[in-house]
Amino acid sequence: MIGAVQILLCVLLIGLSSFFSGSETGVYRLSRFRLRVGLQQGRSGVRWLARALRDGHGLMLSLLTGNNLVNYMLTSLVTVMLLSGARDPHTAEVTATLILTPTLFIFGEILPKRLYYHRADALLARFGPVLWFFHALFTYTGIVPLLKGATGWLNRLVGVRADTSTALAASARHQVHQLIQETREEGLLSSLQRQILQQLIATPNIQVRQVMVPLRQVESVDVQTDRAGLRDALAGARHDRLCIHDGRPDRIIGLVNAPALLAGAEAFADLRRFVQPLRSVCTTCSVLDALVQMRTRGERTLIVTAAPRTVKDAAAPPPAVGILTLQDLLEELTGQIRPA
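Positions -12 to 327 (our numbering) are the ones given, in order, by the sequence shown.
Hints are computed from structural coordinates only; laboratory data are not their basis.
Treat the hints with care, as some may be off.
[What the hints assert, rightly or not] Distance windows between CB atoms, simulated: (1) Asp209 x Tyr15: 56 to 64 Å; (2) Asp209 x Pro295: 19 to 27 Å; (3) Ala215 x Arg284: 28 to 36 Å.
For every residue, glycine included, the Cβ atom is placed at its ideal position computed from N, Cα and C.
When you get a sec, could you build the whole thing from the sequences and use the hints?
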């Protein structure tokens, strides 16, 4: 009778090990979109699951704690069972290791993780109350708060800053990517709409140097150019607005609307009084910041420099490495824009 109970306990512990191990993978694979749908439908298991997911960090600590405790209890139980029939304790320990290592590796790791990887939404919703129970158990017994405190102390000890806001932002960005993919699979978004949304999410991580027009491709003329020289430059240019440099191509001071200027009858020996000044932006500036600057100041073109300009640089500003246009930013979001 005792042996049968012990075997049943072993099976139960292996099942719990599978549950904790698979749930670790399932939490990462869970669709937040389907979770919200389940909440709107009033599904009981989903409600318990959502309650547990409110503390994502604590939930993972609970799963890891439960998995380790169950494996330790299973190892101890099997060892005790073998000790009752073995004369040598060392032999019992080795035998327990030989039995449990492949058993837990297959039934406690590989199979449940693979199952939860492909069926995370259904399995986590079904076992949502169980997941919440163990999370609440380890939280109210003080294990989860203790582990959180120990983690924070170790981070401070080794000089690692645990930036919660950054971690939450990264997690939220990943969830939005997943949400876009799922709505595309459901037919709610076209491929173009999905591309634009994904690019919008990635915009804060894109720097100006990745989308700017390099200096070697910038069409510019010297500020000392006269009317005839401007006409010749416009004849071979691809754009109407030409950048103006002062002596060297990397000393861009602004731009001129060449067709509008040549349309008048006024003669001129240089372009200085017609130049529209341009502000600058650093190569490491994010595309989003550059777009905000263009919007707030009503600009369509910016000079790109390797280092940010300061007040001291008014007389000798840092050399330009390229230019950034509003079209470059829009193409980064919507794809290549072909002229009509």
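19 to 27 Å was suggested as the range; check whether the CB atoms of Asp209 and Pro295 agree with it. 26 Å, holds
Distance restraint evaluation - Ala215, Arg284, Cβ atoms, bounds 28 to 36 Å: Given range 28 to 36 Å: holds, Cβ gap about 34 Å.
Note whether the CB distance of Asp209 and Tyr15 lies within 56 to 64 Å or breaks it. 58 Å, holds
The structure meets every hint from the earlier list without exception.
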